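Read off the chains here:
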Amino acid sequence: MVVSLIEGRDFVDRFPSWAELENHSKRQNNDFSLSFNAHNYMRAFLFQSFDGVVESEGLVARLEPQSSVRVERTPLRPLFLIGVSFTSRLPERVFNLIVVQVFYEGLLFFHLARLQQHQDQQLHLLSRGIRALEFIKFYSDLNPFTFENKYLLLEASRMELSGSKETDLFYQKAIKSAQDNRFQHVSGNQYSFSFH
Amino acid sequence: MQEEALASEMAGRYLFNNGDLDRSLEFYSHAISKYQSWGASAIVTRVEYEVMQKFGTACDLQNGKEVELFNDSSERQSSISRKRPGFV
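Heads up: the protein sequence lines correspond to chains A and B, in order. Counting from 1, position 147 in the first sequence corresponds to residue 147 in our numbering; the numbering is continuous, with no gaps. Counting from 1, position 35 in the second sequence corresponds to residue 35 in our numbering; the numbering is continuous, with no gaps.
In short, the hints are calculated from the structure, not lab data. Computed from a prediction, not measured in an experiment: that's the story for all the values here. Idealized CB from N, CA, C, for every residue including glycine. Fair warning: there could be bad hints in the mix.
What the hints assert, rightly or not - Where chain A lies over chain B, by a calculated footprint (3+ residues, C-beta under 8 Å):
1) 7 to 14
2) 31 to 44
Unchecked claim - Which chain A residues face chain B? A few, computed with CB under 8 Å, are given here:
3) LEU46
4) PHE47
5) GLN48
6) ASP51
7) ASN149
8) LYS150
9) LEU161
10) SER162
11) THR167
12) TYR171
13) ALA174
14) ILE175
15) LYS176
16) ALA178
17) GLN179
18) ARG182
Model the full assembly from the supplied sequences, consistent with the hints where possible.
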């Protein structure tokens, strides 16, 4: 692909394809893997193409209540539950990837639950979606500037599934929140880490 | 930007499934406009295709128009001129 940049210079991209990334040797690397999975879920939802998404690779699956990790209720508790360790300060980039992945996993679970005909499977997907919703709500309560619109969108999606009359309102709230906080995401993320 | 687009697209889909076609198209248009601003041309193509499938090729997407939020629902209900004829 050739892209024209400023000053009339052409740039031939050397970006790897998605398939190349999927089979990349660095796939075992934690950082690469986290980044790949987060974008894989985002890509699956934005393109409405769910074939390449494996539930077992998701972070929400690790949020099951039978988790043996016992941590006091601190702002970091949800992260402990999905196995993030805090031997050093968590880079903002890593935290963002975790939130993005959980958010898109939640949207996917609610969407797939809507399409699901079997009640057992629908309930399973719904419960996974609700876990993602609770995770995002936790951080939305702490830092609404950054996370509120994600929480509202997941809530609207859950309400749609349950046939709530407030679904329309929550979709609008999600849009309004995204508009209001459009320029505050970076500073908001910085704020979210000031507590530790 | 992308989350405003995503929320608008999902609202558009929800409204379409509930028969509120005019508002659905309004939200879809807003979503496309925001995806364009984000630079996500492949997603714009995907959403435009979905809109064409739902509304037909002659629909007016009104790109760039801001969506109206929090209108009084009773006023809005009376202004709905078209309803989806039935669910497939």
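Taking the hints in turn, this is what the structure says about them:
no., hint, in the structure
1, 7 to 14, "holds (count 5)"
2, 31 to 44, "holds (count 3)"
3, LEU46, "5 Å, holds"
4, PHE47, "6 Å, holds"
5, GLN48, "7 Å, holds"
6, ASP51, "15 Å, violated"
7, ASN149, "5 Å, holds"
8, LYS150, "7 Å, holds"
9, LEU161, "11 Å, violated"
10, SER162, "13 Å, violated"
11, THR167, "6 Å, holds"
12, TYR171, "4 Å, holds"
13, ALA174, "4 Å, holds"
14, ILE175, "5 Å, holds"
15, LYS176, "6 Å, holds"
16, ALA178, "4 Å, holds"
17, GLN179, "6 Å, holds"
18, ARG182, "7 Å, holds"
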